[in-house]
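Residue numbers (UniProt numbering), protein chains in the order written: chain A, 1 to 242; chain B, 1 to 235.
A hint or two may mislead.
Label-pair restraints from in silico Cβ distances [as the list claims (entries may be wrong)]:
no.	chain 1	residue 1	chain 2	residue 2	range
1	A	20	B	150	50 to 60 Å
2	B	46	A	230	53 to 63 Å
3	B	183	A	115	28 to 38 Å
4	B	46	A	5	34 to 44 Å
5	B	150	A	112	18 to 28 Å
6	B	183	A	128	56 to 66 Å
7	A	29	B	71	53 to 63 Å
8	B	140	A	67	21 to 31 Å
9	B	55	A	62	12 to 22 Å
By construction, these hints were calculated from the structure, which means they are not laboratory data. C-beta atoms are modelled at their ideal positions from N, C-alpha and C, and glycine is treated no differently.
Listed here are the chains, written in short residue letters.
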Amino acid sequence: MRAPDTCLPLRAEGLGYAANGVAVLRDVSFALESGPPALIIGPNGAGKSVLLRLLHGLLPPTAGAVRWAGENRGGGRMPRDAMVFQRPVMLRRSVLANAAYPLKLAGLPRAERLRRARAALGRVGLDGLADRPARRLSGGEQQRLALARASALDPEVLFLDEPCASLDPAAARAVEAIVADIAARGAKVVMTTQDLGQARRLAGEVLFLHRGRLLEHAPAAAFFADPKAPEAAAFLRGELVW
Amino acid sequence: MDDLGAAFSTALGLVAAGDPALAAIVGLSLRVSVTAVALAAFVGLPLGALLAVARFPGRRGVVVALNALMGLPPVVAGLLIYLLLSRSGPLGRFGLLFTPSAMVVAQAVLIAPILAALSRQVLEEMWEEYAEQLRSLGAGPRRAVPTLLWDGRFALLTVLLAGFGRASAEVGAVMVVGGNIEGFTRVMTTAIALETSKGDLPLALALGVVLMAIVLTVNALAQAARDTAARWAGG
Numbered sequence: 001m002r003a004p005d006t007c008l009p010l011r012a013e014g015l016g017y018a019a020n021g022v023a024v025l026r027d028v029s030f031a032l033e034s035g036p037p038a039l040i041i042g043p044n045g046a047g048k049s050v051l052l053r054l055l056h057g058l059l060p061p062t063a064g065a066v067r068w069a070g071e072n073r074g075g076g077r078m079p080r081d082a083m084v085f086q087r088p089v090m091l092r093r094s095v096l097a098n099a100a101y102p103l104k105l106a107g108l109p110r111a112e113r114l115r116r117a118r119a120a121l122g123r124v125g126l127d128g129l130a131d132r133p134a135r136r137l138s139g140g141e142q143q144r145l146a147l148a149r150a151s152a153l154d155p156e157v158l159f160l161d162e163p164c165a166s167l168d169p170a171a172a173r174a175v176e177a178i179v180a181d182i183a184a185r186g187a188k189v190v191m192t193t194q195d196l197g198q199a200r201r202l203a204g205e206v207l208f209l210h211r212g213r214l215l216e217h218a219p220a221a222a223f224f225a226d227p228k229a230p231e232a233a234a235f236l237r238g239e240l241v242w
Numbered sequence: 001m002d003d004l005g006a007a008f009s010t011a012l013g014l015v016a017a018g019d020p021a022l023a024a025i026v027g028l029s030l031r032v033s034v035t036a037v038a039l040a041a042f043v044g045l046p047l048g049a050l051l052a053v054a055r056f057p058g059r060r061g062v063v064v065a066l067n068a069l070m071g072l073p074p075v076v077a078g079l080l081i082y083l084l085l086s087r088s089g090p091l092g093r094f095g096l097l098f099t100p101s102a103m104v105v106a107q108a109v110l111i112a113p114i115l116a117a118l119s120r121q122v123l124e125e126m127w128e129e130y131a132e133q134l135r136s137l138g139a140g141p142r143r144a145v146p147t148l149l150w151d152g153r154f155a156l157l158t159v160l161l162a163g164f165g166r167a168s169a170e171v172g173a174v175m176v177v178g179g180n181i182e183g184f185t186r187v188m189t190t191a192i193a194l195e196t197s198k199g200d201l202p203l204a205l206a207l208g209v210v211l212m213a214i215v216l217t218v219n220a221l222a223q224a225a226r227d228t229a230a231r232w233a234g235g
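Throw the hints in and build the complete structure from the sequences for me.
Okay, here's the thing in structure tokens:
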């Protein structure tokens with residue numbers, strides 16, 4: 001389906017990031033292929049959010065590089081990747097206008113972007129709230145709108161930074177279902193989470209980060225059954241807090 | 001006291017009767033100030049937005065200068081425009097001095113820095129919140145300018161109203177470049193100054209009443225705009 005113009009695999013090559021002389025990430029290397037979601041897990045302060053921002057291009061790495069396949073083929077797909085933040089910023093516009101905003105940036109004609117924005121809202125169950133001011137939505141609804149907005153352009157890779165962290169359980173379930181749906185529709189989801197149950201439900205592969213290092217990158221089934229790194233085993237037992 | 005009371009009732013009579021001389025003065029005042037705000041907004045708002053998102057050496061200095069210009073005395077703004085438009089000035093051949101157009105230009109020069117400085121404040125706060133999200137969605141600082149102007153539309157409306165309040169209440173700039181010519185460049189504030197010095201209190205008071213009503217209306221509108229802005233900001 002995406003074969004001719006894919007931007008995967010996405011490679012991190014010796015990726016490092018330091019802020020004010022403090023290393024947040026050190027020598028992180030991996031390759032992500034298309035397929036089921038990649039979950040980045042690890043204790044607080046492991047560098048999960050920074051890793052997502054490096055991959056998404058919001059931060060410049062201080063060492064190493066992020067490489068996308070097909071980079072040299074005229075820029076490849078537009079857009080390659082999108083990101084949903086833990087606390088997404090809603091524009092001071094209607095729900096529909098929020099979903100349509102990136103489509104407008106991409107230069108789509110008005111009728112086309114409204115059609116696609118409505119479809120994206122439908123997929124997250126917000127079509128009934130299209131005309132509401134986006135910032136008056138509940139936290140869960142805002143997160144669903146952020147997912148609709150990020151996926152409206154049909155990016156090949158979707159980065160999610162703890163999308164359920166500040167939500168109540170019901171809202172978190174709704175978001176999780178949407179994430180699973182986006183992945184099923186063919187996007188590569190790369191997501192951080194604090195919730196091991198959620199990681200087990202969603203993950204096709206797991207990247208375990210600890211203190212800025214990638215200690216394990218394995219298929220989810222293998223990782224959860226038999227983690228190789230002792231820190232990962234401790235983390236799964238709930239013994240490793242940071 | 002009796003004099004004052006009589007003058008006040010005459011003034012209210014003038015307002016109630018819609019006295020044509022009074023109406024002409026009020027009409028010109030509104031026309032001049034509204035046009036000046038529109039003109040100043042055209043320059044001031046984009047400038048404020050650009051300054052909110054741009055980072056360059058010397059930016060702080062520009063911000064400080066702009067804030068200082070908010071306090072530009074109206075007579076000084078009038079004097080600058082007078083020098084530009086006077087017969088021997090660089091723009092003298094257009095013959096604009098002592099016309100309503102000159103008054104519009106003087107007021108626009110007076111309030112453009114106010115609009116730029118206030119919109120810079122409003123939009124810089126919004127940019128701090130938006131920057132990372134907009135970059136992620138594909139908008140750098142340049143594309144962010146129209147986004148910020150639109151998302152700040154209600155907050156910017158209060159900025160415009162502040163500019164209008166300043167323009168309609170000032171007397172120095174329009175006096176210097178307009179000349180307070182009866183039936184041609186006489187506006188509310190210059191008329192009040194003249195009629196008071198002539199001792200014609202009823203007309204001065206009537207104009208004062210109208211001016212106060214306008215100021216009140218502008219403030220009520222500004223409050224409504226603030227409430228709407230808060231609604232869209234999720235407050």
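Okay, the hints, checked on the actual structure:
Between residue 20(A) and residue 150(B) the C-beta distance comes to about 36 Å, which lies outside the given range of 50 to 60 Å. Against the hinted window of 53 to 63 Å, the Cβ-Cβ separation of residue 46(B) and residue 230(A) comes to about 59 Å, which satisfies the hint. Between residue 183(B) and residue 115(A) the Cβ separation comes to about 58 Å, which falls outside the hinted range of 28 to 38 Å. The supplied range of 34 to 44 Å is met by residue 46(B) and residue 5(A), whose beta-carbon atoms lie about 38 Å from each other.
The given range of 18 to 28 Å is respected by residue 150(B) and residue 112(A), whose C-beta atoms sit roughly 20 Å from each other. As the Cβ distance of residue 183(B) to residue 128(A) is approximately 60 Å, the hint placing it in 56 to 66 Å holds. For the pair residue 29(A) and residue 71(B), the beta carbons lie near 58 Å from each other, so the given range of 53 to 63 Å is met. At about 22 Å, the CB distance of residue 140(B) to residue 67(A) agrees with the hint of 21 to 31 Å.
Our hint of 12 to 22 Å for residue 55(B) and residue 62(A) holds, since their Cβ atoms are close to 20 Å apart.
Violated hints for the displayed structure, listed by number in ascending order: 1 and 3.
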